[in-house]
Amino acid sequence: MISIVVALDLLREAAARRWFLALALALTGLLILIVTSLRLEVVDGALAATRLFGQPLYHQIQPADVALRPVFLVASQVVFWGGLCFGVLGCADFGPALLSPGRIEYLLSLPVRRWELLLGTFLGVLALALAGAVYASAGLVLVLGAKTGVWTGWPVVSSVLAAVAFGSVYAGMLAVTVWVRSAALSAATGASLVLLGLLATHRVALLEVMGRGVGRTLFAGLTAVVPPLGKLADAAGALASSAPLAPGGLVRLLAGTLAFAAALLALAAWRFERRDF
Amino acid sequence: MERRWLWLLAAALLVIAAAWLVRIPESAAPIARPEVEMPRQLRPAERQRMLSRLTPAVTDAGPRRTEVRDPMLAALSAGGAGSGMVLEVNALRNSPLGELLLRCLAEREGRGNALEALQRMGIDPLRDIDRVGFTEHGIVVSGDFRRANWEGLLGSATGEPYGDRGQITAVDPRAQGGNTLVATRWGDSLLHLGDSEEDGRRVLDAVEGRGPAPQPLLTPEQTYGELYGVVSGPDLARTLGGNEPWATALLEAASRVEVHLDARRDVALVADVSGEDGRKLEDLGKTLGGALAMARVQARAGGDDEAAELLSFARVSPAQGKALSLEVALPLEVVAKRLAFCRGGSDAGGP
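These protein sequences, in sequence, are chains D and W.
According to the working numbering, the stretch in the first sequence is residues 3 to 279, in order.
According to the working numbering, the stretch in the second sequence is residues 1192 to 1542, in order.
What the hints contain is simulated information worked out from the structure, not anything from laboratory work.
Possibly wrong hints are sitting among the right ones.
20 Å max Cα-Cα, derived EDC-like pairs, lysine to aspartate or glutamate [as the list claims (entries may be wrong)]:
1. W:1471 <-> D:46
2. W:1471 <-> W:1435
3. W:1513 <-> W:1449
4. W:1471 <-> D:43
Okay, the calculated bits of chain W under chain D, using three or more residues with CB under 8 Å as the criterion [as the list claims (entries may be wrong)]:
5. 1194 to 1202
6. 1480 to 1493
Pairwise CB distance ranges (calculated) [what the hints assert, rightly or not]:
7. W:1467 <-> D:57: 56 to 66 Å
8. W:1207 <-> D:155: 26 to 36 Å
9. W:1468 <-> D:20: 55 to 65 Å
Using N, Cα and C, we set each Cβ at its ideal position, and we do this for glycine too.
Please build the complete structure, drawing on both the sequences and the hints.
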């Protein structure tokens, strides 16, 4: 419960930041632009013609939901990777702000356990990421649904995956912040985790071409635990575009990602518990 | 143990769990959407097949033409046919759809007796026949007929000689008061079944390269797929005959439809429609797209997910000028049900 209060406090802090205000305005502007500039003609459920800014776009006539699959696929990838990049840059300062001199002493003087502070910060950032991803994808679904009559919730579900992926990255950023209070280092850690997540996606192929040695062992160890973000992005794209998914595969991937985030949070809590302020 | 060490222990356990969970076995990896290869051009094997069928003109009389030709295509073009379809029987030998299509096409053309006659004369349609072509001037069959019992079928081992390798034989009148069946042979590799000796002579002239070259109905480069051909507007009107919106729009807009069908497994159909009125073609494209979308919705509502998935490949490339292209993929079962009238089934013609 106290963690929720901390999370809400972080959300209030985020609302006051220009970065997030700019993101909200940009997303809203983009959706309004789509509403006003895109004209879609649907005949018996088939997307027959499209006009953007009054100019016809030539495409094949096919069922509207099939025609929208690539749109939702691209949108899911933009939300996933764009969200990761924005999140790493925009949220890098929340951890250091929590631990800033004066504020952390004040917070620790309250009847709040240290791990609750960490968890609250993490949940606040996760809620922020979730809100941004869901706002973008749900907005697109609503706009295109109103224009074509194709209503699907999968792009919204896909955006939840993007938020979960960012959660695993942010857990690492928060853990590093507990050791070194630096927004730059936090952002660098986030970027490194995104890169490692990409490498972990192609781990087997990369290990095959690497020569034996310390570097290969280190790479194998690191990429063994980091969630393969590329696979998560693929799964998010598949969900958004109604492509088939193997049963169980996504559940394991999500569980592994959440376990990785929890492990980093536990590590941060271990360090936080023994640190003096 | 101090509580803070519990955090470290939990972190270690969670890392191990994460490492185990994210290593997804291949069987649980995302499944790729099934791909359907649409017949759009000659595949390598088809190109080989096409080249092997080209032969030089053999005539030793009249004006000579020096080009090579596919005898089957030359025979189909004889008489200025406006419509013609070719079934690659040999390519479909192991396809469950092949025999059904053969029977159906014969039934539609009212030439079932001719195919039965083929079997009686010792020609196995699934072994000896390479291709069967249909035009308004008759049926053209190509293959290896060296084992055929011509005397048993045609009443005579030889017919009236014509040209270099041709023989024309008038067979018994068709049952139920039909016209005389005229069988025209070209060597032991081509047989034309038509209504008149004039048709037979035109076929042999075209095959042997005598006289002016007829306007080709199909070029060798168009011989891809297991069923291919062109249908003229009037023939299309006679064949479809329905009053569904898409059929009506098709009749109004299409002057010529080129069809290629890949039936090795499921059925992939490409139809290139051309017409004179670009506006009508545009409307036709929208109507066809809508009809296909509705068919997909109906398949899904009926619980036929496979058909619905394959129908999601259906698309219409809108009219660019005076042509549009239609692509449809259907599971074998759906096609077989649609063609059930050939077996006289009660579900004939169902969706």
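Taking the hints in turn, this is what the structure says about them:
no. : hint                         : result
1   : W:1471 <-> D:46              : holds, 18 Å
2   : W:1471 <-> W:1435            : holds, 16 Å
3   : W:1513 <-> W:1449            : holds, 14 Å
4   : W:1471 <-> D:43              : holds, 17 Å
5   : 1194 to 1202                 : holds (count 7)
6   : 1480 to 1493                 : holds (count 8)
7   : W:1467 <-> D:57: 56 to 66 Å  : violated, 27 Å
8   : W:1207 <-> D:155: 26 to 36 Å : holds, 35 Å
9   : W:1468 <-> D:20: 55 to 65 Å  : holds, 58 Å
Comparing the model with each numbered hint stated earlier shows that hint 7 is the single one that does not hold.
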